[in-house]
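Enquirer: Read off the chains here:
Number of protein chains: 2
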Amino acid sequence: MTENIDGFVIDLDGTVYKGRQVIEGAADTINRLKRLGKRLVFLSNRGNISRKMCHARLTEMGLNVQEDEILLTSTVSANYLKKHYEKSQVWVLGEQGLKDELAVAGVMLADKPESADWLLITLHESLTYRELNDAFRAVRHGARIMATNADKTFPGDNGDCIDVAGMIGAITASTGREVDVVIGKPSKLMADAALEVLGLPPERCMVIGDSMESDIQLGKNAGMRTALVLTGSIKRADVEASSVKPDWVWDSIAIL
Amino acid sequence: MTENIDGFVIDLDGTVYKGRQVIEGAADTINRLKRLGKRLVFLSNRGNISRKMCHARLTEMGLNVQEDEILLTSTVSANYLKKHYEKSQVWVLGEQGLKDELAVAGVMLADKPESADWLLITLHESLTYRELNDAFRAVRHGARIMATNADKTFPGDNGDCIDVAGMIGAITASTGREVDVVIGKPSKLMADAALEVLGLPPERCMVIGDSMESDIQLGKNAGMRTALVLTGSIKRADVEASSVKPDWVWDSIAIL
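Residue numbers (the numbering used here), protein chains in the order written: chain A, 24 to 279; chain B, 24 to 279.
If you are wondering where the hints come from, they were derived from the structure by calculation, not from laboratory data.
Just so you know, not all the hints are guaranteed correct.
Identical chains share a label here; the pair holds if one copy fits it or two copies do between them.
[What the hints assert, rightly or not] Each computed BS3-like pair below joins lysine-lysine, with the alpha-carbon atoms no more than 30 Å apart: (1) Lys110 with Lys57; (2) Lys41 with Lys135; (3) Lys41 with Lys106; (4) Lys105 with Lys211; (5) Lys175 with Lys122; (6) Lys175 with Lys106; (7) Lys105 with Lys75; (8) Lys135 with Lys57; (9) Lys258 with Lys61; (10) Lys258 with Lys110; (11) Lys135 with Lys175; (12) Lys243 with Lys258; (13) Lys211 with Lys75.
Chain A extracted, bound-state conformation (with noise of 0.2 Å):
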């Protein structure tokens, strides 16, 4: 079903892994697709990790991934800062591994709040109330407020846990400014630097994820074939009550 693509854009938590299990097979068709000489990029929403501790955890998992093959959601705002506000400083509301992918891009980080031109926030799992502190007297000095993503949700060892979007919330609302720039899927940024790494035109890509509203919406604007896989937290009657229709919808990643 898939002999014209040459390009796979795949999700990670949900359809490589899940916690901290491989999703079975999913080992087995990654190696299958480099053998026939597909071009594969990791795709995911994550930005408080670096590529680096990405590809250490997906090989400490047994999976065959390079790093350059891998981009968070910290890689694309990283290079988006880059690219688009060079003389930019910023001051990041997140963890250290956001800090690492925007030192590898050269981003200038602010030595205070007060100096930042843009605040940019990601997941904080050891978030205290001075650093929240430190993020809204950067935005209450004038810095433009981008996040990494706006992920309400992620699934925690013990249930859904509070992501990004909170950590959005606590500024916008206090500030009373709203975010100029969401990185994440499925934005048009994310599409862009996925086909960028994978050299090909979006009708000969598929993106392969187990979120409608991030994987397949993505594709779905970009132009490239989708297939849902139902090890995330979707079901088969979502699918079906949902008005987005992935072209393939699988069991699993190892279907393919």
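Chain A is fixed; fit chain B onto it per the hints.
Expert: Only chain B this time, still in chain A's reference frame:
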């Protein structure tokens, strides 16, 4: 000018003290009003401290105020819950002072987020991600949202700081739920609570405060006389530009 006024509703922060400093003449004014037999209630949107903590602080500042003359949003939230939702279990996103005040009123605390009927949010200056996530879980499991107040900022030692609106924004943005009840000024709840303490009808009372939105608006809504003091963040020019007009504008509470 205030001959026929028998009750005074007096704001604390910006009116009686500012940061750790008593406003010049405030202590004398309070003593003189008490000698004249006037009734006083001190009304604050602070929800993260208990009356006991507030009373200790005022006493330390040399102010002649009794504990039962103090009404904080922590107090009024606790009384509101006890009166209207006696059997409800409450989860707190906030500080010990609020929990103390709930205990005084006999409000039941939930032993885990999942069992809460209400999430009660106040300022939390040592907030962590884990606490934010617990609050998120309470709401995801059906708890309704109450906030002691919805102030966006409060004046800290090094400039304005992120206030309760930030904590509320984190929860509403990530859960998609709205706040059900905001207790703080200028609400009728706070006005009624103040009038109950004074035991007087509104036309014999005056509000003195430094905020147009919370103090003066509360007085207007409730039919009390209003005096704005300029010892807080507002300037005389702001008053002239505002559509709400206080009955008096004073340089400070000492004028009285």
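Enquirer: Give the relationship of Lys258 and Lys110 under a CA distance limit of 30 Å: within one copy only, between copies only, both, or neither.
Expert: neither (46 Å within a copy, 37 Å between copies)
Enquirer: Treating 30 Å as the Cα threshold, decide for Lys175 and Lys106: within, between, both or neither.
Expert: Answer is within: at 28 Å inside a copy they meet the 30 Å cutoff, but 34 Å across does not.
Enquirer: Cα distance capped at 30 Å. Does Lys135 pair with Lys175 within a copy, between copies, both, or neither?
Expert: both (28 Å within a copy, 22 Å between copies)
Enquirer: Pop the pair Lys105 and Lys75 into one bin, within, between, both or neither, using alpha-carbon distances up to 30 Å.
Expert: within (19 Å within a copy, 53 Å between copies)
Enquirer: If the cut is 30 Å between Cα atoms, do Lys243 and Lys258 qualify within a copy, between copies, both or neither?
Expert: within (20 Å within a copy, 54 Å between copies)
Enquirer: Is it within a copy, between copies, both, or neither that the alpha carbon of Lys258 lies no farther than 30 Å from that of Lys61?
Expert: within (28 Å within a copy, 67 Å between copies)
Enquirer: Check Lys175 against Lys122 for me: Cα-Cα at most 30 Å, and say if that holds within a copy, between copies, both or neither.
Expert: This pair counts as both: shortest intra-copy Cα distance 22 Å, inter-copy 28 Å.
Enquirer: 30 Å Cα cut-off: does Lys41 pair with Lys135 within a copy, between copies, both or neither?
Expert: Classified as between; 26 Å across copies, 37 Å inside a copy.
Enquirer: Measure nothing new, just compare the shortest in-copy and cross-copy C-alpha distances for Lys135 and Lys57 to 30 Å and report within, between, both or neither.
Expert: Neither: 46 Å inside a chain and 48 Å across chains, both beyond 30 Å.
Enquirer: State whether the alpha carbon distance between Lys211 and Lys75 is at most 30 Å within one copy, between copies, both, or neither.
Expert: within (24 Å within a copy, 55 Å between copies)
Enquirer: Using 30 Å as the alpha-carbon threshold, which applies to Lys41 and Lys106: within, between, both, or neither?
Expert: So Lys41 and Lys106 fail the 30 Å test inside a copy (33 Å) and across (46 Å) alike.
Enquirer: Give the relationship of Lys105 and Lys211 under a CA distance limit of 30 Å: within one copy only, between copies only, both, or neither.
Expert: Answer is within; shortest intra-copy Cα gap is 17 Å, inter-copy 51 Å.
Going through the hint list in order, the structure does not satisfy hints 1, 3, 8 and 10.
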